[in-house]
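Model the full assembly from the supplied sequences, consistent with the hints where possible.
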Amino acid sequence: MLYFIAMTVAVTFPGVIPFNHARPFVLGLPFVFAWYIMWIVGSLAVFLFLHKSGRR
Amino acid sequence: MTDWRVVVAVVAAYLGVTLYVGLRAGSRGSDSVVGYVAGDRNFGTLMMYFVTGASIYSAFAFLGGPGWTYSRGAAAFYILAYGVLGMAPYYALGPWAARVGRKHGYVTQASMLSHRYQSRWVAVVAGAVSVVAMIPYVALQMSGAGIVLELVTDGRIPRAAGAAAAYSVVLIYVWRSGVLGVGWTNVFQGVFMVAIAWTLGLYLPFKLYGGIGPMFELIDAQRPEMLVLPGLDATGNAWSAGAFSSAVLVSAIGFMMWPHLFMKAFAAKDDATIRRMIVLFPTFQLFLFPLFLVGFAGVLYASQPPFPDAVMPHIILTSGLPAVVVGLFCAGGLAASMSTGDALVHGAASIAVEDVYASGVGSQLSPHSRRTLIRWTAVGVGVVGYIIAITSGRSLVELLLLAYGAVVQLAPSVYGAFLWRRATAAGAVAGLLVGAGVTGILVLQPEWRPLGIHEGLVGLVANVVTYVAVSLATRTPATAHVDAWLETSRTSQDSTPSD
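Residue numbers (our numbering), protein chains in the order written: chain A, 1 to 56; chain V, 1 to 499.
Just to be clear, a hint being listed does not mean it is correct.
As the list claims (entries may be wrong) - Examples of chain V residues lying across from chain A (beta carbon under 7 Å, computed):
1) Arg223
2) Glu225
3) Val228
4) Ser245
Said to hold, decoys possible - In silico lysine-lysine, DSBU-like type, Cα no more than 30 Å apart, as pairs:
5) V/Lys269 x A/Lys52
6) V/Lys103 x A/Lys52
7) V/Lys269 x V/Lys103
Calculated directly from the structure, the hints in this document are not laboratory data. Idealized CB from N, CA, C, for every residue including glycine.
What follows is the structure in structure tokens.
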């Protein structure tokens with residue numbers, strides 16, 4: 001669950017400030033937009049890991 | 001100009017298929033209250049996935065999401081953030097609730113709290129707060145359905161008539177089939193609206209700007225304030241960092257407190273089903289991505305929609321797409337609205353009868369009478385939501401944020417039930433009342449909010465303080481009951497290791 005605590009910090013102020021800019025674009029998306037998408041994709045990986053490892 | 005008759009024909013076909021699926025589903029369940037409210041506790045992963053996903057893909061996301069990205073830019077990213085954060089605790093909480101639900105026969109969240117705290121007043125207050133929160137959410141969905149139909153028919157089907165038509169279909173299959181009707185229509189609608197959203201979300205930026213990258217290049221050159229947080233407020237000025245962050249937090253904490261979502265723990269077949277649904281949930285969250293692209297496509301579009309929530313239909317209607325495509329979009333919008341609205345109507349009616357009425361007056365109705373009363377209450381919830389939908393001037397996202405302020409107040413008593421043995425009924429009731437009261441006052445007096453922080457978050461702080469203080473000041477609940485209840489919640493019935 002450390003991942004989700006880190007995510008909470010990273011997607012709210014003030015934690016998001018270092019990543020809050022449009023450039024450089026990532027795959028055509030503004031950097032901060034890609035930042036949010038990355039955390040969602042990461043959560044999919046974390047949930048999969050938890051499920052496969054049988055952890056609760 | 002789009003031929004509105006083709007659009008209406010496509011929409012009518014969609015509503016017909018939805019009604020057929022919803023009515024057919026009713027033949028699969030038992031005639032009991034558990035069958036009507038919790039699907040005989042037999043929901044599999046597919047159904048759980050779409051029922052939960054539909055809560056994200058509502059009219060709020062389908063119209064409000066593009067509306068916010070169009071008018072407020074990066075402010076809309078709060079919607080991306082909160083779903084996953086809100087779902088994460090349910091990985092533990094969902095199976096805990098499912099286990100005590102199976103053991104003690106709960107069908108609603110408030111009945112679970114009532115038994116845990118050994119007080120029917122907990123059910124009454126929690127149930128009342130739930131219903132109060134769910135009605136603006138129902139109104140939002142109805143409003144979204146009405147907006148779509150009104151815009152694509154160029155006003156020939158007024159908003160009020162469009163909302164009435166779509167929700168008449170919803171009420172018919174909820175009446176006949178209960179939660180099974182909700183579940184199976186959600187599967188059909190989920191597939192449909194996701195396909196529509198991805199198609200349009202990827203197509204429009206390419207058609208209008210030559211690609212996603214070129215579109216953002218142009219926005220960055222002409223409207224750079226739209227691409228950085230915290231985005232803009234409703235008046236076009238910079239939103240505050242406090243308002244943005246508190247919107248994320250209050251929505252994340254409140255997300256799985258929504259009774260129509262939480263109650264699905266009582267419908268799941270087993271613990272593994274709940275966990276598989278959670279593993280897959282971020283894929284539904286990613287489906288918001290194409291909708292945001294549509295909203296950004298509207299920022300530099302040649303003409304302006306009549307209001308922000310109309311940006312998606314506005315672009316579709318004015319960009320020369322064939323009438324059949326416009327009709328499919330319209331059906332996708334209705335699917336988004338109805339797939340959430342049906343669960344809300346069904347959930348609010350179940351709670352109003354099972355918790356507020358039955359617990360409040362200590363009524364001993366027969367199962368048949370309870371089913372009948374839930375059905376009539378669903379009609380009543382639909383009517384109240386409809387009146388708010390056609391009279392409220394608020395945006396779809398604003399309506400949802402308002403509703404979150406109320407539903408987040410359930411969080412302390414729900415988490416406390418599983419995590420704090422010392423929590424008492426008096427603490428839960430006092431916390432709920434104080435939290436809801438503070439939130440209500442700040443809704444009426446928004447200038448009293450500190451740093452623009454969401455009223456629900458301020459109410460939640462008052463709620464937690466009251467819950468803890470009153471619990472410590474009142475007599476400890478029966479230890480044997482709490483121990484046995486918690487033991488049940490932590491004992492896995494799957495083959496996987498216990499918690």
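Inset, instruction - With a cut-off of 30 Å on the C-alpha distance, tell me whether V/Lys269 and A/Lys52 pass. - result: holds, 19 Å
Inset, instruction - With a cut-off of 7 Å on the beta carbons, see whether V/Val228 makes it to chain A. - result: holds, 5 Å
Inset, instruction - Answer holds if the nearest beta-carbon of chain A is closer than 7 Å to that of V/Arg223; otherwise answer violated. - result: violated, 11 Å
Inset, instruction - Classify the hint on V/Glu225 as holds or violated, based on whether any CB of chain A lies nearer than 7 Å to its CB. - result: Result: violated, 10 Å to nearest chain A Cβ.
Inset, instruction - Would you check the hint for V/Lys103 and A/Lys52, treating anything up to 30 Å between C-alpha atoms as holding? - result: holds, 27 Å
Inset, instruction - Please verify that hint: V/Ser245, Cβ, nearest Cβ of chain A, below 7 Å or not. - result: It holds, given that the least Cβ distance between V/Ser245 and chain A is near 4 Å, below 7 Å.
Inset, instruction - Decide if the proposed pair is consistent with the structure: V/Lys269 and V/Lys103, CA atoms, cutoff 30 Å inclusive. - result: Distance ~13 Å between V/Lys269 and V/Lys103 Cα, so the pair holds.
Figure legend: structure checked against the earlier numbered hints; hints not met, in rising order: 1 and 2.
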